[in-house]
Amino acid sequence: MSRHREDDYEEEEDDEEIEEEEDDDYRRRTGGRKRGRSDFIDDAAIEDDDDEEYKDEEDEDEEPYGGRGQKHRKRGSEFFDLEAQVDSDDEEEEEEEAEDDFINDAGTDLPDESGGRRAHRPLNMMPEDQEDVEEMERQVYERYAKSSHIEYGEDATEVEQQALLPSVKDPKLWMVKCAIGRERETAICLMQKFIDRPDLQIRSVVALDHLKNYIYVEADKEAHVKEACKGMRTIYSSAKVMLVPIKEMTDVLSVESKTIEISRDTWVRMKLGIYKGDLAKVVDVDNVRQKVTVKLIPRIDLQHLANKLENRDVVKKKAFVPPPRFFNIDEAREMHIRVERRRDKDTGEYFEMVENMMFKDGFLYKTVSMKSIRSQNIQPTFDELDKFRKPGGDGDDDGDADMASLSTLISNRKKGHFMKGDAVVVVRGDLKNLKGWVEKVEEDTVHVKPEMAGLPKTLAFNEKELCKYFKLGDHVKVVSGVQEGATGMVVKVDGHVLIISSDTTKEDIRVFADNVVKSSEVTSGITKMGDYELQDLVLLFNMSFGVIIRVESEAFQVLKGVPDRPEVVLVKLREIKSKLEKRTNAQDNRKNIVSVKDIVRVLEGPCKGKQGPVQHIHRGILFIHDRHHLEHAGFICVKAQSCIVVGGDNVKHGGDKFDARFGLRPSSPYLQSPRRPPRGPMDRGGRDNRVGGRGNDALVGRTIKIRSGPFKGYRGRVVEVTGSFVRIELDSQMKIVAVKRDDISDTPGSATPFREPSRYGFGSETPMHPSRTPLHPYQTPMRDAGATPIHDGMRTPMRNRAWAPMSPPRDHWEDANPASWAGTPQYQPGTPARSYEAPTPGSGWANTPGGNYSDAGTPGESSPTYGNAPSPYLPSTPGMQPMTPNSANYLPGTPGGQPMTPGNIGLDILSPAMGVDNEGNWFFPDVLVNVMRPGEVPCVAVVREVLMDGSCKVALGTTGDGDVITAHPADMEAVRPRKSDKIKIMNGALRGITGKLIGIDGADGIVKMDDTYEVKILDMNILAKLAV
Amino acid sequence: MFFHITLERNMQLHPRHFGPHLRDKLVAKLMKDVEGTCSGRHGFVVAITSVEDIGKGLIREGTGFVTFPVKYQCVVFRPFKGEILEAVVTMVNKMGFFAEAGPVQIFVSNHLIPDDMEFQSEDVSNYTTSDGSVKIQKDSEVRLKIIGTRVDATEIFSIGTIKDDFLGVINDPGAAS
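In order, the protein sequence lines correspond to chains A and B.
Counting along the first sequence from 1, when you hit position 1005 you're at 1005 in full-length UniProt numbering, and nothing is skipped either side.
Counting along the second sequence from 1, when you hit position 25 you're at 25 in full-length UniProt numbering, and nothing is skipped either side.
I should point out that these hints are in silico values taken from the structure, not numbers from a laboratory.
It should be emphasised that the depicted structure is a prediction, and the values quoted were computed from it without experimental measurement.
The beta-carbon is built from N, C-alpha and C at its ideal position, and this holds for glycine as well.
One or more of the hints may lead you astray.
To be verified - Away from chain A, derived, C-beta distances all over 12 Å, residues of chain B:
| hint | residue |
| --- | --- |
| 1 | Arg16 |
| 2 | Asp33 |
| 3 | Pro69 |
| 4 | Pro103 |
| 5 | Val124 |
| 6 | Asp172 |
| 7 | Pro173 |
Claimed, not checked - Each computed DSBU-like pair below joins lysine-lysine, with the alpha-carbon atoms no more than 30 Å apart:
| hint | chain 1 | residue 1 | chain 2 | residue 2 |
| --- | --- | --- | --- | --- |
| 8 | A | Lys506 | A | Lys435 |
| 9 | A | Lys471 | B | Lys81 |
| 10 | A | Lys979 | A | Lys740 |
| 11 | B | Lys81 | A | Lys432 |
| 12 | A | Lys471 | B | Lys138 |
| 13 | A | Lys492 | B | Lys94 |
| 14 | A | Lys608 | B | Lys135 |
| 15 | B | Lys138 | A | Lys639 |
| 16 | A | Lys506 | B | Lys163 |
| 17 | A | Lys172 | A | Lys247 |
| 18 | A | Lys435 | B | Lys163 |
| 19 | A | Lys471 | B | Lys163 |
| 20 | B | Lys94 | A | Lys506 |
| 21 | A | Lys639 | B | Lys94 |
| 22 | A | Lys169 | A | Lys212 |
| 23 | A | Lys518 | B | Lys81 |
| 24 | A | Lys449 | B | Lys81 |
| 25 | A | Lys457 | B | Lys81 |
| 26 | A | Lys610 | B | Lys135 |
| 27 | A | Lys735 | B | Lys25 |
| 28 | A | Lys492 | B | Lys81 |
| 29 | A | Lys518 | B | Lys163 |
| 30 | A | Lys492 | B | Lys163 |
| 31 | A | Lys492 | B | Lys135 |
| 32 | A | Lys247 | A | Lys371 |
| 33 | B | Lys138 | A | Lys610 |
| 34 | A | Lys457 | A | Lys432 |
| 35 | B | Lys138 | A | Lys506 |
| 36 | A | Lys610 | A | Lys528 |
| 37 | A | Lys435 | B | Lys81 |
| 38 | B | Lys138 | A | Lys608 |
| 39 | B | Lys94 | A | Lys471 |
| 40 | B | Lys94 | A | Lys528 |
Put together the whole structure using the sequences plus the hints.
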């Protein structure tokens, strides 16, 4: 057997000897058959080719069967000598058979390259040769003599190999279940049986080491297998015999990947138990018993152990896995755990023994089966290696661990690791520390052009002796490991460990030289994990929130939303509850509205003076991204109140006092936007007709928000109105886009409730003045007033138009009223609106409203909108307005309201476009809304009551059983109904009518009215879901 | 390193500038467009010293703009690996410090600061030697060696070291005051 194998191998190596061999053959042929055995054996030992191989095998295979002595052997060999001359297919088959049979004996040694070839064996069986070797010899001789000699050997091509694969004509392979652990025994028994009973029709039996509980039997029919298995102790009679599909036959016998050599000091990972996935270091290997002793950082719950030892209430095993911690004897003793000190008899080392667990230097030494560890592709992280170095922080161990990690690293690296041109350094051997460049790579051998002069041009090294080499200042990219994807410049080279200064964070990254490649790319490493990405605002489990500032392999670094003091936490993916994507806004130090992307400057706190765009706003806390801030990926977390908005269109808020007074309002839409003559058809319904040609201008220059379409959510200034399209200059992009009129809302959305509402607030108030004059405070104006804050833009401009002809020049007006403004700077943002909408004679304003404003401007006011809207008609009670606006509750839906405001109704009917506006919708009692108040989590609520100024009393909760609060309309948003929800129409001619949504078609909803059973198609935006 | 080189550029000029001062306008526009920019190949354009040649303008159809090929001489600044520079420290943190040499920002990692200098996070964070004789803080002037550069489209970023002979603080206005 062993010889056979040897020959097999040698055969491949020895090419040159073949010729010699042929000479021999020739000699033998010519010189006669009777050659001495010794001669032959010599040949056999030295020379190898096919013939030899065959001969050898035949030779050997005879032994078990025939048990023949020297004489036979000799003759047999002579025969094979002959055979050598008459090599042929037949002979090949014969040989195969022999070999197989032989292997059959050995059972497990079958898996070798002959596996594929075996299939060609003819049916003839052994028995004859047992009976009469001489006879057989003769037969075989005859058979081979007549076949021509074919050169056959190693150079068999791929195609020939393919031809050897089993086909349908070949015997089949059957899988038979046997007693576990008795596979080999079963195979041997079957072999014996086969020898004893020549009538057995099986061909081979295979027991594979890696396959427990089964053996393979080769036979033509299932019955043959059954027959052979009958009476076998280790094979269950009931066992089913399974056929191995032809395609899989070769797999059964092909050799698996080479067994992995586990040697000392290699890093492995545990596969099972509480240590699953833990890094361990091999300290001892027992190949015979297939056991290894590994060194681990113990995960032991001492308390639990103590309890167990004392038989105290042994709690049922918890799911909790103790964290890895070094074992401390003193601690254990304190807990009354008996620690024995024992000497290991093999190594002579001392171990602390606790409950059959061996500890040394705090490590747990554990003997485990080789199967329970993983030794391939172990990439220990730096953290893990650091931990392993720990005990006592002894310096000696360091180098040791380092070397070990190096060896592991090298053994685990991928194929094709080196490429031409790579700078490498020799890490072991005589030429250690020699640097050079890779010239050529062949398999494991790397040809290196050495850096040093006086050496040969290229030197060949084994791949394992080399390590990549980088110089200071090289720009590299990490291609594997934890930091994969990061790029940076090398700032320190420490053996095979590099320290890289990351491009984006300027942080140090420690990586193995082998894990990086030179690159000019600039990236920040991984930026995404799960649904969360770098810079996302996320809600954490304990209701705190923060921005992801770094994505690590398994966790995120989150800068928590705690102002004044940066707090970074490491959170796992599962600890993140959700992404916060709701765009909210906050008020800065001067009560300017801060929205996302605005640039703000920090006025106080540790980050004072920093400046940058707002990335996220949540509960009044801003996350600012300052490129020049190096910590926390440039993120700064501050309270909105400690910032001020700078630049952009927000300037007007900050600097209003001055600007307003002098009428220099750079951001005033009218100054900024060139007026353009209205173009296109007047398609805006009755309004234009009523108002006249100038009407178009009202929209031009206005800051609006785009409500739907591809630019949904953008804000911008209207540049031009063209038919049904509006051209809008976006605030956020240097771009003018055309948007359908229907897609815009001219009251800016919730993003800027402050700025815009105030403007419109004034506008819509305007009509009140005339109405106030006749002392009908509760009539028409009231509605408008109530609507003010949420007032839909379409309506406002109309008023403007109505009034515009009369309105005095703005500057004029402002100059006339400086006194009333001076004291209340926070109201001035509102002035621009007033400027073009204030139609009334200056005197009217100067008297009453002036007073109103100062009253309304009481410090208690949080939002000017509150003050502005109600004040004109409730001049005497400004104090109560912010929170409890107007006791004369005016419900817009009530019949009383509508008849009184014919203008509005007329409007609604005449201008369908008007109803489209979401922000302009009226809320009705029982409508379900989302309440989003700055600084609070959005929640669903039911409108209970609509107050005069448009605010609503809402009851929290989907059924309205929560607290009742008063919500500002800008903070509310109707819950978008779904199909078959009960709805209420919030705007348009059918306002206030209830129905059922029976379908949704894009932006339109198909509604079936409750009372008329009519089916109408209405814009989804004017539909509100009713509370159940 | 500074270079005085000749570069070429196609300038587009608005028709409204056509007139007696066309050339001046063009040069002014060139200066505005080019000075202070950075290209990976040449580095930062510090100043235009002269305009060598202005070619024939080509009127572009439709717009009326005229394209002139302009040849000009300019001083460029490009940092090189291994170059020694003097720079002003702009920021100090535990990872190292940033310094600026004109338009170039240079980062000196703490690994590239002599080992005897330690980071001190006082109110003005700095790196100080153990005996306190040398201090690197904001506005200190240092001499450093560039060990690597990264060239982006609009920026050249370098990594430098002061861990070498004759490198380090050369003048410290902050400490004197």
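Holds or violated: are the alpha carbons of Lys492 of chain A and Lys94 of chain B at most 30 Å from each other?
holds (16 Å)
What's the verdict on Lys518 of chain A and Lys81 of chain B, does the C-alpha distance respect the 30 Å limit or exceed it?
holds (16 Å)
Under the criterion that the straight-line Cα-Cα distance not exceed 30 Å, is the pair Lys94 of chain B, Lys506 of chain A satisfied?
holds (10 Å)
Just checking, Pro173 of chain B versus chain A, shortest CB gap more than 12 Å?
holds (21 Å)
Is the hinted pair Lys492 of chain A and Lys81 of chain B satisfied, with a Cα-Cα distance of at most 30 Å?
holds (16 Å)
Would you mind confirming whether the straight-line C-alpha gap from Lys506 of chain A to Lys163 of chain B stays at or under 30 Å?
holds (19 Å)
Can you confirm whether the C-alpha distance between Lys169 of chain A and Lys212 of chain A stays at or below 30 Å?
holds (29 Å)
Has the given pair, Lys172 of chain A with Lys247 of chain A, been kept, meaning a C-alpha gap of at most 30 Å?
holds (11 Å)
Does Lys435 of chain A pair with Lys81 of chain B here, judged by a C-alpha cut-off of 30 Å?
Given that 30 Å is the threshold and the Cα spacing comes to 21 Å, the pair holds.
Within 30 Å, alpha carbon to alpha carbon, are Lys518 of chain A and Lys163 of chain B?
Distance ~24 Å between Lys518 of chain A and Lys163 of chain B Cα, so the pair holds.
Under the criterion that the straight-line Cα-Cα distance not exceed 30 Å, is the pair Lys138 of chain B, Lys608 of chain A satisfied?
Distance ~17 Å between Lys138 of chain B and Lys608 of chain A Cα, so the pair holds.
Hinted pair, alpha-carbon criterion (30 Å max): Lys610 of chain A, Lys528 of chain A. Please report holds or violated.
Holds: Lys610 of chain A and Lys528 of chain A sit about 27 Å apart, inside 30 Å.
Comparing the model with each numbered hint stated earlier shows that all of them hold.
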